[in-house]
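Single-letter residue listing:
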Amino acid sequence: MLAKGAAKKLTIYLNEDTQYHLSPLYEAILTFLRHKGVAGATVTRALSGFGAHRVVHTPKVEALAEHLPLKIEFVEAAEKIEELLPTLYDMVSDGLIEVQDTTIVKAARGDKPSPQPHRPHERKAGKAKLMRVFLGEDDRWNGEPLYDAIVKRLQMMDIAGATVYRGILGYGAKGHTHKQNLLHTHRDLPMMISVIDAEPKLAEAALAVEEMLADGLIVISDVDMVRLVRSGAAEPGDE
Amino acid sequence: MSEYRPAKLLRLHFTEQDRYRGKPLYEAIFDKCRELKIAGATVFRGIEGFGETAGIRRAHLLSRGLPVVVQIVDSEENIARLLPGIEEMMGNGLIAISDVQILRVQKGPPG
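Chains A and B, in that order, give the protein sequences. Throughout the first sequence, residue numbering follows this note's numbering, covering 1 to 239 in sequence. Throughout the second sequence, residue numbering follows this note's numbering, covering 1001 to 1111 in sequence.
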């Protein structure tokens, strides 16, 4: 599976009826990419287009309908692209190859975790940091609840974990008392998000929170962390 | 990195049932914090717990006496100023103090 971060995106423009050793070129390229273990590739057929031959390819004219433009796209690590390029250069006899820099934000497979045989936990102990963020339930960030937005952001950053607590009474940053009234019509109860991770990751998280928080308090303390990891499972924070 | 400054985090553990002069202890402590102008205090209610003063308490519809935690953050001096009063108010329970680094975020309205 692809790793998050910088990567390359390769695009090949070609025609549907371009041949490569008696089979369509796009099929040959796709087979080659699969054989080389590329994470994924997509072939799209265009509605219409023109290229080096200055002929407009369009399904509206029957005679030209078998000559439609295709686009093959895939994203891979830069080294992998380097490895594949010479062969692709040779294969594409008629068309265009383009490489651009891209960033992988998420590469998820969506598999259901297969039921694992019960294995003992592995115990990992070490120093870590605990961050508590105090904010109000009514605080918003671009229209959504701030606590929700913070948790989603931290999850995207692969922070080990975060928990949101709702208090029943509180005051602080804004000076006013947060308390639920009897009719439950208005509630701006105090909220706390607690986040634990190793120091460098937590510093990143603190910066992200600081940026999103308009009015609140960030409290950081040292903790001893013991993590129980089921062996074989993917681990957050291991890079 | 913004400037964090050292402070103390005070956690008080007791139950919802505990009272001080007729009102819930957590409210009394809360009022005390306001009176002494402590920077902030937040009360959390647990959903289950046990401790020195009680057996296991679970959240039922009519249950009383669930665990309550009050978290207070302020400078060392202010916490020291608050502690004697709190100790006197809390009949039994647990007080935990930790060293923390804090950052107060306060941004003006955008624009």
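These are calculated hints, taken from the structure and not from any lab test. Any given hint could be a false lead.
[To be verified] In silico lysine-lysine, BS3-like type, Cα no more than 27 Å apart, as pairs:
#	chain 1	residue 1	chain 2	residue 2
1	A	Lys36	A	Lys80
2	A	Lys8	A	Lys71
3	B	Lys1037	A	Lys152
4	A	Lys106	A	Lys152
5	A	Lys4	A	Lys152
6	B	Lys1008	A	Lys127
[Claimed, not checked] Just a sample of chain B residues kept apart from chain A, beta carbon distances all over 12 Å, derived:
#	residue
7	Ala1007
8	His1013
9	Tyr1020
10	Arg1021
11	Ala1039
12	Glu1048
13	Glu1077
14	Glu1088
15	Gln1101
None of these values were measured; they are calculated from a predicted model. Glycine included, every Cβ here is placed at the ideal spot set by N, Cα and C.
Hints, one by one, checked against the model:
Taking the CA atoms of Lys36 (chain A) and Lys80 (chain A), the gap is near 9 Å; set against the 27 Å cutoff, the hint holds. For the proposed pair Lys8 (chain A) and Lys71 (chain A), the alpha carbon gap of about 16 Å is at most 27 Å, so the pair holds. For the suggested pair Lys1037 (chain B) and Lys152 (chain A), the alpha carbons sit about 34 Å apart, so the restraint of at most 27 Å is broken. Note on Lys106 (chain A) and Lys152 (chain A): the hinted pairing holds, with a Cα-Cα distance of about 13 Å set against a maximum of 27 Å.
As the CA atoms of Lys4 (chain A) and Lys152 (chain A) are separated by approximately 17 Å, the hinted pair is consistent with the 27 Å bound. Between Lys1008 (chain B) and Lys127 (chain A) the alpha-carbon distance is near 20 Å, which keeps this suggested pair within the 27 Å criterion. Chain A draws Ala1007 (chain B) into its interface by the beta-carbon criterion, the shortest separation being 7 Å against a cut-off of 12 Å. His1013 (chain B), annotated as away from the interface, keeps every beta carbon of chain A farther than 12 Å; the closest lies near 14 Å.
At roughly 15 Å from the closest C-beta of chain A, the C-beta of Tyr1020 (chain B) stays outside 12 Å, upholding its exclusion from the interface. Under the 12 Å C-beta cut-off, the non-interface status given to Arg1021 (chain B) relative to chain A holds; the minimum distance is some 17 Å. Consistency note on Ala1039 (chain B): stated as away from chain A, yet its beta-carbon is not over 12 Å from all of that chain's, at 7 Å minimum. For Glu1048 (chain B), the shortest C-beta to C-beta distance to chain A comes to about 14 Å, beyond the 12 Å cut-off, and the non-interface label holds.
With a least beta-carbon separation of about 17 Å from chain A, Glu1077 (chain B) lies farther than 12 Å from that chain, consistent with its non-interface assignment. No Cβ of chain A approaches the Cβ of Glu1088 (chain B) within 12 Å, the least distance being about 21 Å, so the stated non-interface status holds. The claim that Gln1101 (chain B) lies off the interface is violated: its Cβ sits roughly 5 Å from the closest Cβ of chain A, which falls inside the 12 Å cut-off.
Consistency with the previously given hints fails for numbers 3, 7, 11 and 15, ordered from lowest to highest.
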